[in-house]
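Asks: Spelled out, the chains give:
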Amino acid sequence: MSVNQWNSQIEAYMAQIQLGHRPAFEKLYQLTSGKLFALVSRMIPDRDNAAEVLQESYIKIWHSADRYRADLGGAWAWICQVTRNAALDRLRQHSRQLPIEDESEIEWLVGEDSQIWLEQHDLSRCLQYVKEQPRKAIVMAYLHGLTHQELVQRLNAPLGTLKSWIRRGLKELNECLHA
Amino acid sequence: MSSCLRYRNQTIRQHLASHYVLGVLSRRVARRCEAIMRKDAEFEAAVYEWQKRMNQMDSNLTPMTVPEEVWAGIEAKLDDATAPSLSHFNPLSWLSNLTLLRTALAVALCFTFFTTFAPEKDHAVTASYVALMSSDADQAEPGLVVSAYQGANPGESNLRFQWNERSESIPLNQLGVIAIDRETGEALFLGTITDEKAPMFLDKPAWLAVKNSAELLIVKGDTVQAPVVFRGPCVQLEQWI
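Chains A and B supply the protein sequences, listed in that same order.
If you're matching positions, the first sequence starts at 39 in this note's numbering and goes up one per residue.
If you're matching positions, the second sequence starts at 437 in this note's numbering and goes up one per residue.
Among the hints, a few may not be true.
Unchecked claim - Below are the EDC-like pairs computed for lysine to aspartate or glutamate, each with C-alpha atoms no more than 16 Å apart in a straight line: (1) B:K488 / A:D160; (2) B:K656 / A:D109; (3) B:K513 / A:E94; (4) B:K656 / A:D104; (5) B:K488 / A:E49; (6) B:K475 / A:D104; (7) A:K209 / B:E485; (8) A:K98 / B:E511; (9) B:K513 / A:E90; (10) A:K98 / B:D515; (11) B:K656 / A:E49; (12) A:K98 / B:D516.
FYI, nobody ran anything at the bench for these hints, they're computed from the structure.
Can you build the whole structure from these sequences, using the hints too?
Replies: Encoded structure:
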């Protein structure tokens, strides 16, 4: 299944879920749960905790499906946001050990020869305009759900500087994507 | 400036939307953002825009095997939420159900009487076109049948919707119907279903679109770009003489 077909299928399932169609919800689960589990596990490495968060996420998707606006954006992005929010809530409730032992994924994602930047041309091109430290802070916060304080420890920068990196990095990203 | 007006400033709106999607806001501020999204369409649109941008980083996720108990847990929680509770038992509603049952029985008796003793027509009216609609390609059997009946006069032709009894039905009202032209592939919006139990009457161009269609679509919305809920090939039926 191509990426476009996959996205269209998710859109169709979401449209049916908004009408309360349980079989479509089960199919959505079958289609997306493996990827969403990977997304949650990136933020919460403990398998049992990640499984609980995944379960909560799908229940939220079912109950808040009517809030999804197909006219504003893709269903997959919305589903990922609901899932990330559930994972972030779990992380903020429980103090955690910084989960990232292997930074290779981040290095790869912020590196100039990353494949994602070839496939996702807009974000790739624009992130390259952002300086390396802000870029790294943005990617680490998004992928692993790190707080400002956790990023401070990770990147060895004062809190004010770190916040300013993120603020400026996102602003530059916005300007570039709108250009 | 009050706090609820502040976020209408474009710079602050962009700042909040981007930080919300990035996930670096405190829980309290994130919940506040969600409340604002429900009231302010422009702020909601800004959040969706950032979701779309940042979601590109999720495009390379390699699926992981999910523990089986996750789906079992979801089903159990959803079933718990929908199961009727004994505490809601209301004898009056039971009585009203009994009244409904009596009314239904009376209607059924009248129907049997008229269909048994009414004079038989020369021939039955049959559908001219039928589309077997599925929600996806892997569905074992179609969930819904759309039948197109040609009327004697313009404006009398109509579509009728019937569920497969073995499938779970969903409300069709307010969903749109689209015909895909057999030769050009062009999508033509036929109209919105207002009462799924009643025929949906078609004007002449809409009827011609059904006649020339390769496929019918049922969509969530009233444009040809709306997400597809059901689709199925449209076939022409030979008439019984």
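Asks: Does the structure keep K475 (chain B) and D104 (chain A) at a Cα separation of 16 Å or less?
Replies: holds, 15 Å
Asks: Take the C-alpha atoms of K656 (chain B) and E49 (chain A), compute the straight-line distance between them, and say whether it is at most 16 Å.
Replies: holds, 10 Å
Asks: Would you mind confirming whether the straight-line C-alpha gap from K513 (chain B) to E90 (chain A) stays at or under 16 Å?
Replies: Holds, because 12 Å separates the two Cα atoms, which is no more than 16 Å.
Asks: With the threshold set at 16 Å, check whether the alpha-carbon distance from K98 (chain A) to D516 (chain B) stays at or below it.
Replies: Holds: K98 (chain A) and D516 (chain B) sit about 15 Å apart, inside 16 Å.
Asks: Does E49 (chain A) sit within 16 Å of K488 (chain B), going by the straight-line distance between their CA atoms?
Replies: Holds. K488 (chain B) to E49 (chain A) sits at ~14 Å (cutoff 16 Å).
Asks: Check the hint pairing K656 (chain B) with D109 (chain A) against an upper bound of 16 Å on the C-alpha distance.
Replies: Holds, at about 11 Å.
Asks: Holds or violated: are the alpha carbons of K98 (chain A) and D515 (chain B) at most 16 Å from each other?
Replies: At roughly 14 Å apart (the allowed maximum being 16 Å), D515 (chain B) and K98 (chain A) satisfy the hint.
Asks: Starting from K98 (chain A), check that the Cα of E511 (chain B) is at most 16 Å away, please.
Replies: holds, 13 Å
Asks: When you check the alpha-carbon spacing of K209 (chain A) and E485 (chain B), does it fall within 16 Å?
Replies: holds, 14 Å
Asks: K656 (chain B) and D104 (chain A) were given as a pair; does the straight-line alpha-carbon distance stay at or below 16 Å?
Replies: Holds, because 12 Å separates the two Cα atoms, which is no more than 16 Å.
Asks: Checking one constraint from the list: CA of K513 (chain B) to CA of E94 (chain A), max 16 Å. Satisfied?
Replies: holds, 10 Å
Asks: Need the status of pair K488 (chain B), D160 (chain A): alpha-carbon distance at most 16 Å?
Replies: Roughly 11 Å separates the two Cα atoms, so the pair holds.
Of the hints listed earlier, there is not a single one the structure fails to meet.
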